[in-house]
Every structure is written in C-alpha cells, then in structure tokens.
Amino acid sequence: MVSKASRREFLKRASALSFAAAGAPFALNLATIGAASAQVVSGYRAVVCVFLYGGNDHTNTIIPYDSTDYAEYLNARPEIAIPRNDLTATSIGPVASQGGRSFAFHPTLSAFKALYDAGNLAVVPNVGPLVVPTTKSQYENRSVPLPPKLFSHNDQQSVWQANTPIGEGARLGWGGRMGDLLASQNGLPIFTAVSAAGNAVFLSGQQVLQYQMSTSGALSIAGISGNLYGSSSASSLYRQLITGNSTHLFEDELGQVTSRSIAANSLLASSLPPASQFVVPVPSGNGLASQLNIVARMIFARSSLSTNRQVFFVSLGGFDNHDFLLDRHGAQLQQLNDAVNAFYGWLGEMQLQNNVTLFTASDFGRTLTSNGDGSDHGWGSHHFVIGGAVQGGEMYGTFPQVAFGTNEDIRQGNLLPTTSVDQYAATFARWLGVPDSSVPDILPNIVNFDAWPSRYLDFLV
Amino acid sequence: MHTICSPHEEHSSGRNSYDKHPLADRHTIRSLLLAGIAAVLLAACGGETSQENTEEDTGPFVALTTEAEASRFLAQAGMGASDEGIRQVQRANYTGWLDQQFAITPRYSHRTYIDALIASGQNPNQSHVMHTFWKQVAVAPDQLRQKVAFALSQIFVISQLDSAVGGYERGVASYLDMLGREAFGNYRSLLEAVSRHPMMGLYLSHLRNQKASGNRVPDQNFAREVMQLMSIGLYELNPDGTLVMAGKAPVETYSNEDIVGLSHVFTGFSWAGPDRQNGRFYGSSSNPPPDPNREVLPMQGYPQFHSTEEKRFLGTVIPAQGTPDPDGSLRIALDTIFNHPNVGPFIGRQLIQRMVTSNPSPGYVGRVTQAFNSGSYSHGNWRTGNGQRGDMRAVIAAVLLDSEARDIAMASAPGFGKVREPVLRLAAWMRAFDATSKSTNYLLGNTDSPSNALGQSPMRSPSVFNFYRPGYVPPNTGIAAANLVAPEFQIIHETSVVGYSNFMRDAVRYGVGSNSPRDIQADYSKELALADEPDALIDRIDLLLTYGTMSTATRDLIRDAVESISINPLNPSAGRQNRVYVATFFTVSSPDFIVQK
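Chains as they are written, first to last, in numbering that gives the first Met the number 0: chain A, 0 to 460; chain B, 0 to 596.
One thing to keep in mind: the hints can contain errors.
[Claimed, not checked] Some chain A residues close to chain B (C-beta under 10 Å, calculated; not the full set):
1. 132
2. 207
3. 259
Just so you know, the hints here were simulated from the structure itself, not pulled from any lab data.
We treat Cβ as the ideally placed atom computed from N, Cα and C, and that holds for glycine.
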C-alpha cells in the first residue's frame with residue numbers, strides 16, 4: 000500500500016486514522032442515534048425566523064393612517080415621513096384591538112397587506128427584549144433588571160436571538176433550544192436547526208448543532224471523490240486529511256464541521272428538489288428570496304430527510320439606515336415583501352401554509368426622531384407573523400401613539416417594549432409542540448410575564 | 000521603468016539593530032544587516048514586481064534564525080512566507096527585519112492604481128479595489144505594512160458592500176492607503192485619519208451630520224461605533240485586557256448619554272473643498288461644483304452645521320461654543336478617547352488576534368498595552384517607538400516579538416494560534432509560490448461566496464462589525480468548552496468548508512482571477528524540481544506554508560497521495576505537475592495550515 004513508509008510509521012498512522020474514522024462522521028452517528036429513538040408524530044411543523052439585520056425602522060414600516068395620528072407622525076419626523084397619499088393602497092383597519100385605529104404598511108408591503116386582509120398575517124407591535132415587565136419609571140430609575148447593552152447592534156442581535164438576554168457571546172438561542180426539545184421527532188437531527196444565512200446564535204442549542212445550508216442546495220467537496228490530479232486514490236486520502244481529529248481544538252473543530260458538511264451533503268444530494276420544483280418563480284436579485292427558496296426546498300424534502308419539526312433562520316441586511324432612510328428602506332422592504340410572498344406561494348404549492356409559520360425579528364427598532372436623513376438605534380419594534388395557522392388580520396399587543404412624551408417614549412421616541420421577546424418566542428414554541436412545562440427550559444424569564452397579560456400571545460394557538 | 004532612489008534613503012533606516020547571536024560576532028552581523036537593508040531598499044524602489052527584486056546574496060550568508068522560524072514569523076508578520084522573505088528574516092533577524100519594514104516608503108498606492116485606470120479611460124468598479132489589494136499582497140516589499148493595514152481594515156471597518164461607499168473606488172482605495180500609511184505612525188493620528196475620511200463619513204454617516212434643530216437630533220452612528228469598535232470597547236479593561244469588575248458585573252465604559260454627547264461633536268463635517276458653502280456640505284453636484292478629489296481628502300469642518308451646545312462624554316466637557324468650532328471639538332474628543340486607558344488593551348488584543356493568536360494570555364496583552372502606553376518597545380538591545388503614547392511601531396513590535404508569539408513550543412499547545420482567515424490563506428499560497436499576474440494587475444475580484452469562493456473579500460465586510468467578532472465562540476464545541484474564542488470560526492460552516500476546498504482545488508492547478516488562462520498563476524518551478532523526491536517536496540511545502548510544523552499524520556497522507564501519482568520516465572512533466580498540485584492542495588486544505596500556530 001505504501002511504498003516507503005516504515006512499518007512503525009504505518010502502524011502509527013493507521014491508529015491515528017482509525018481514531019479519526021471513529022470520530023469523524025459525528026453527524027451520521029447522531030443521525031443513527033436519532034433514527035433509533037425518534038417517535039415521529041404526524042403533522043409537519045416549522046418556523047422560519049427572518050432576521051432584519053441592522054435594526055428595522057418600525058416607524059416607517061407600520062404607520063398610523065388616521066388623519067390625526069398621521070399628523071403626529073409627520074410632525075415627529077418631517078424629513079423622513081412617508082406621504083399619506085402613498086399609504087392608501089396598503090392601509091389596514093380599523094383594527095378592533097387598537098380602538099378602531101387605522102394603520103398602513105409601508106407602500107412596498109403590498110403582499111403583506113393582502114396577507115393581512117386574508118387573515119394570514121398578524122402584527123405584533125412594540126415587541127422587544129425585557130427581563131421583567133418594565134414601566135417607564137422603572138426603566139428611568141433602573142429599578143428592575145434590564146437587557147444588557149441596549150441600542151448596540153451586535154449585542155441586541157444576540158439578545159433577541161439568545162434564550163435569555165445576553166449580549167454578544169451568548170451561546171444558546173431560543174431557536175436552538177426549541178430544536179433540542181423537538182429533535183427527537185426527527186429521524187435526522189442534523190436538519191433540525193437550519194440556517195441559510197450564516198452562523199447565528201438563534202439556532203444554537205445544547206445538543207442541536209445548526210446546519211448551515213447553501214442557497215445553491217447540496218454542495219459537494221470535489222476533492223473527496225473521483226480522480227484527483229490524476230490519482231485515483233488521492234481523494235480518499237484527502238477525505239481523511241480534512242475530516243481528521245486533532246488534539247488542537249481549532250483543528251479538531253475544522254474536521255468536525257467538514258465531516259458534518261460531507262454527511263449532510265450526501266443526504267441532501269439525493270433528496271433536495273431543484274429550484275424549478277415550484278411554479279412561483281424565485282424573485283431575481285433578491286438574496287432573501289434565494290434563502291427562502293432553499294428553505295422551501297428543504298421543507299419539500301421533509302419526508303426523505305425524515306424531519307418533522309424544524310427551525311429555520313434566514314436574514315436580510317442593511318437596515319441600519321442612519322442615512323438615506325426613505326430610499327434604502329423602501330428597497331429593503333420591497334425585497335422582504337417579494338421574498339415572503341414567493342415563499343408563501345411555494346408553501347401553497349406544497350399545501351403546507353398551515354404547517355409553516357414565518358416571523359420577523361431585528362436588532363431593535365429605531366428612534367422616532369430624525370437625524371436629518373435617517374433614524375438612530377432604538378429598542379421596541381413592530382414585527383410580522385405570517386402563515387395559514389396564524390390568527391391574522393389583527394394586532395397582538397398595544398400599538399403606541401407615535402409621539403414624544405408618551406409612556407413608552409424613553410428618549411427620542413424610542414419605544415419601551417410592551418410585549419417581550421420571550422412572549423413572542425414562547426408562542427412559537429408552544430405551536431411547535433413544546434409542552435408548557437418545558438417552555439421555561441427554553442426561555443427562563445418567561446415565568447416573569449404571566450401577568451402581562453399572559454405567557455403566550457394569541458396569534459398562534 | 001525603474002525609479003532611481005535618492006541615496007539618502009539608503010541611510011534612513013541605518014539604525015543598528017540586531018540581536019545577539021552565537022553564530023556571528025557583532026561586526027559581521029552589522030555589516031550583513033546593512034547589506035540586507037540596502038538590498039531591501041533597492042527592492043523597495045525597484046521594479047514593477049517582486050520578480051524583479053533581484054536581491055542577490057552578497058557575501059557569506061549567516062542565518063540568524065532557522066528557515067522554519069523565519070517562515071513562521073512571516074506567517075504572522077506578513078501576508079505569507081516566501082523564499083525571499085525567509086532569506087530576509089534570516090539575514091536580519093526579527094528586529095532587523097522590522098526596522099527594514101518600518102523604513103520602506105510605501106511605493107504602491109491603491110489610489111494611484113485606480114487613478115491610472117481612470118486616466119486610461121476605464122470606469123473603475125469594486126473589483127479594481129480588490130485587484131490592487133491582491134497586487135500588493137503579491138508584490139509589495141512592505142509586507143508588514145500590508146499585514147497591519149489588512150488587520151486595521153478589520154477593526155476600522157468600511158465596506159464596499161454598503162451602497163453609500165460601494166461606488167467610490169478611489170475613496171476606498173485611498174482609505175486602504177491611509178491605513179497603510181498610519182500603520183507605522185501613531186494611533187491618535189490613525190484615529191483622526193479614520194474619523195475624517197469621507198468613506199468612513201459615508202459608511203457611518205457622520206458626513207453631512209448636522210446640529211440639532213426642532214425634533215431633529217445629530218446622527219449617533221459614528222459616535223457609538225468609534226467607541227465600541229475602534230478604541231475603547233464596551234467594558235473597562237485592566238491593562239492586561241481582563242475586565243474590571245464591580246462585584247460580579249463588568250463596568251461599562253460609556254452610557255447612552257455619552258453617545259448622545261459625543262454625537263454633537265461629529266456634526267458639521269463633510270466633503271473637503273476650497274470653501275465651506277452649504278451646498279458643498281450637502282454634497283451638491285453643481286452648486287458649488289464638488290472638489291474633484293473630495294472622496295480622497297479628509298472631511299473638513301463646516302461651523303454653520305456644528306453643534307454649539309455643551310458636549311459631555313467620557314468625563315470630558317466641551318463648553319458651549321460662542322463660535323462653532325468643529326475642528327476644536329473633534330480634537331478634544333479624539334484626545335479624550337485616545338487617552339482612555341482601554342485603548343492599549345482593546346486595540347492591542349485585536350492586533351494580536353489578527354496576527355498571532357486568538358487567545359493571548361493576559362501577560363501578553365499587558366506587554367502590548369505597555370508598549371502602547373509608553374510608545375516604546377525593547378527587545379534586548381533593540382528598541383523601537385518614539386516614546387509617544389500610541390506609537391504603532393512599538394505596538395506592532397510588542398505583538399510580534401513577544402515570547403508568546405515567538406516560542407515555537409506554543410505551536411503545539413492545544414489552544415494556541417488562530418484560524419487563518421480565507422483571504423490570508425490565499426495570500427499565503429500566492430506568496431509561497433511567487434504568484435505572477437499575466438496582466439500584471441492581479442485580476443482577482445469578489446471572492447464573497449461561501450459556496451464557491453473564499454467566503455470573504457477584502458474591504459467587503461458585511462457590516463462595521465467585521466466578518467467575525469473578536470469574542471466569537473463557536474457554540475457546542477470543544478473550543479467553547481475550553482472557554483476559548485475563535486473569531487474566524489464565525490465564517491466557517493458546512494457551506495464555507497466546501498467553497499474553500501473547491502476554490503483551492505481549482506486555484507492550485509489553474510490559478511485564480513479573470514481571463515483564460517487565469518490571470519494569477521503560481522510558479523511551481525522549485526517544487527517541480529523536487530517532484531521525484533516526495534519527502535523533499537513535502538519538506539519544501541511544509542517550510543513555506545506550515546513552517547516545518549506539519550504533523551506526521553498530515554505528512555504521511557500527503558506522501559501517500561504524492562506517491563500514488565507515478566512519473567512516466569518518457570513524459571515526466573505531467574506526473575510531476577500532478578504531484579506538486581496534490582501536495583499543495585493537501586497542504587492548503589490541512590488543519591495544520593488553516594490553523595496558524
């Protein structure tokens with residue numbers, strides 16, 4: 000086999016390689032264990048987190064439409080307000096839960112308006128991270144615990160995604176923790192928590208490892224098969240090289256990620272349908288749509304991948320509009336609108352609109368004040384929940400007055416949240432099938448919100 | 000054509016710098032060093048590519064480091080080791096090499112490259128910024144400057160991904176030039192150059208930022224990020240980089256009030272030009288006409304847009320101004336930030352992470368902080384830095400000459416070192432194999448895609464938070480269990496490992512970049528000469544890419560792969576080529592290489 004290697008070297012290497020072989024296909028081992036122990040319950044369910052990186056300007060996303068409320072909005076941020084005439088086509092309401100007030104979605108969110116009217120989209124106004132229910136005076140006096148490093152991008156991204164409010168460096172996300180509790184329902188645990196948008200703490204569990212999916216679909220490492228630079232045996236050596244174990248922690252982790260990639264790819268290659276599977280076209284030049292398309296294709300392959308409960312993560316960036324808000328924000332929301340609309344179409348083609356729920360999240364809301372051409376970092380924000388299972392055409396929570404000096408205005412019109420991220424998250428956990436008693440394992444602070452007014456919101460039951 | 004260097008330049012770096020070495024007496028070393036310096040300076044003002052840097056060994060060669068030590072040093076201090084670089088370090092030793100590098104006047108300007116394109120009638124695009132980046136990686140003699148500038152570009156982040164910045168190729172090129180220029184200066188000067196650069200002004204939106212009026216308030220973007228990311232960070236640090244604790248909680252360096260206060264400082268700055276008319280501030284395209292160089296000139300103050308109210312931040316108070324004074328406010332603000340005790344450990348630790356190791360010991364960080372604070376660093380009889388707080392030469396020397404960086408025994412510690420970011424992996428390949436460009440312009444553009452490229456392009460970070468965070472911990476891993484951070488793992492995942500492997504599989508054989516054949520090609524002539532002797536071939540690649548630390552397991556796999564390719568005596572070239580390809584591809588894919596130790 001080896002021309003020049005001494006016997007001693009050969010034995011040493013053989014030993015090292017057998018160790019590697021035992022440890023390398025970690026994902027496959029997991030899969031085997033999972034397949035043995037899974038109790039697959041009927042009825043596929045998945046949630047999809049659409050993270051709007053940079054902090055979405057919620058004030059221009061959902062706008063008061065009644066003339067007096069609109070006048071307040073216009074007065075608060077005249078340089079960056081959307082003209083009322085532009086809002087007519089996307090106006091909604093009157094909304095019963097908000098005292099009959101009317102609102103309008105950003106003019107680009109025409110599909111959201113249609114989904115709202117059809118009862119498949121709910122709005123959760125002024126949601127944000129909190130440790131306990133917090134009043135304005137409690138915030139001002141710092142008399143209750145608050146999430147760390149409010150207004151800081153990376154920290155608030157982490158706080159939103161983490162299972163408890165921990166800034167950058169958090170290691171557990173509520174998506175991943177939901178996955179921990181649901182993975183036993185999947186034959187292949189490796190596809191329980193799937194990101195199409197890079198590593199995100201949202202999908203980090205205690206056992207579940209997030210799987211990073213390429214928008215291109217299954218991806219093969221060319222070097223591990225076939226002829227490599229004229230050698231028929233080099234490819235298997237190459238595979239050993241890149242999947243080996245090491246006593247160096249970084250080297251070892253490289254091998255594990257690569258092993259997982261190879262294992263997942265071999266499963267996906269035979270299961271994933273092509274992009275042309277769906278009639279509704281993938282919107283072009285829309286990165287979020289490409290991500291949602293691969294999510295839809297993976298959902299399509301749910302039976303052959305033996306998955307029954309999944310948590311997905313996709314993202315759209317560029318929302319940090321300190322400048323050029325009117326131009327840029329419209330373009331981003333247009334992408335969001337088009338991508339989600341196409342995704343909802345794909346779900347329809349699979350007859351899974353009732354089985355998949357999509358929701359938005361973001362670093363934070365933004366100031367009501369203008370800095371001339373944009374807005375600054377805030378806290379509470381408005382978010383959307385979309386799906387056939389959603390009790391749509393309604394708002395859950397209290398839409399604040401868009402004005403200064405209100406009970407929610409902590410400075411510059413930044414919103415003190417009146418619904419916590421924990422409540423938002425718990426509602427998805429319950430819908431996915433996490434038992435009530437286990438929800439605090441995912442979200443330890445949820446027990447603080449029983450009286451606010453309840454642990455769960457009513458948009459999903 | 001070659002430029003003629005003025006004679007005095009050869010003496011400008013005549014600092015007699017050397018370490019004691021048992022192999023040679025001081026006199027010999029000194030004359031060798033001076034010869035080496037002259038040779039480097041000659042190279043520095045010489046031809047168009049490194050291939051023309053015809054440094055010849057003159058006189059007896061006395062090695063002051065081993066080849067492997069020199070190669071390892073160049074992995075940390077430069078964009079990668081090469082034969083020429085190894086010889087330079089061996090001749091000059093680490094300290095002499097640093098002196099040589101500090102003395103090289105930057106001769107390639109990114110902006111000049113873009114200007115030349117424009118002058119020739121071309122319309123520059125983002126790729127051209129990447130071309131000039133790669134060109135300097137491959138050919139510039141000031142490798143230390145390239146490395147530090149790239150590190151700084153990941154701390155003082157601007158990005159062509161941003162729609163405001165993306166269309167200003169001259170501006171981005173000049174920003175990269177600025178980082179290189181300031182890399183060997185003083186942090187205070189760097190901070191001001193960053194703060195005033197119009198590309199940063201566009202990226203973090205303090206360009207055109209105005210004083211408050213009515214409900215409108217100043218933009219807080221730059222005020223926040225300059226403190227959080229570019230100077231002091233979120234929490235008070237001890238000089239060794241550990242957190243100052245108040246009981247069980249870290250102590251925040253600033254509050255939102257400080258950000259609001261500082262945001263008033265960054266008002267009234269906008270495009271440079273011969274006057275300070277309102278239209279120029281707003282960026283008018285006609286009234287007045289924009290200065291043709293506004294995207295490369297530092298922003299200027301416009302008093303009429305600068306906040307006059309009292310400004311409070313970080314314990315400093317700028318009193319209300321009767322006459323608005325943007326330049327005066329800026330000076331006080333940057334002085335205040337610069338003198339914050341966090342800057343040394345905060346910036347020092349990140350430079351260590353970018354060049355040497357993700358998890359430096361507190362002692363290591365403390366020594367770099369000491370260099371930052373004192374502006375000076377000594378190593379034996381050698382000294383660098385001018386004694387002013389923030390001296391970057393002292394900081395860089397402290398990062399690279401620290402015992403923790405230099406001790407080869409660290410290479411086998413289970414948590415030492417850093418993952419080479421993908422840009423640096425490709426750079427190491429280009430350097431090791433003297434990659435040439437047929438067009439001479441190194442036509443490699445966007446390598447963003449994690450699926451089929453590097454998952455990273457220079458100057459195209461997804462946000463001001465860089466490609467990865469200094470504190471990133473890959474969840475559920477042995478790294479996390481050991482309480483280590485691994486920043487670059489933030490962009491390593493199931494997709495990007497495939498993209499990198501496939502990209503390099505092609506690159507090793509076909510080169511990289513535009514055109515057919517691809518514009519950038521490795522020169523494997525020295526490796527081909529060793530292809531009949533697998534161990535010698537592997538030794539050479541091990542030296543260049545893994546500085547002689549390749550593990551036995553990796554080496555054995557590579558030998559097996561090389562030996563699986565036979566060499567036909569009647570037509571040996573194909574087999575030899577394939578042997579070199581396979582050895583190179585295996586090495587750049589190996590954990591031994593990807594983790595720089």
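Each hint tested on the structure:
1. 132: violated, 22 Å
2. 207: Because about 8 Å separates residue 207 of chain A from the closest Cβ in chain B, which is inside the 10 Å limit, the hint holds.
3. 259: holds, 6 Å
Hint 1 from the earlier list is the only one contradicted by this structure; the remaining hints agree with it.
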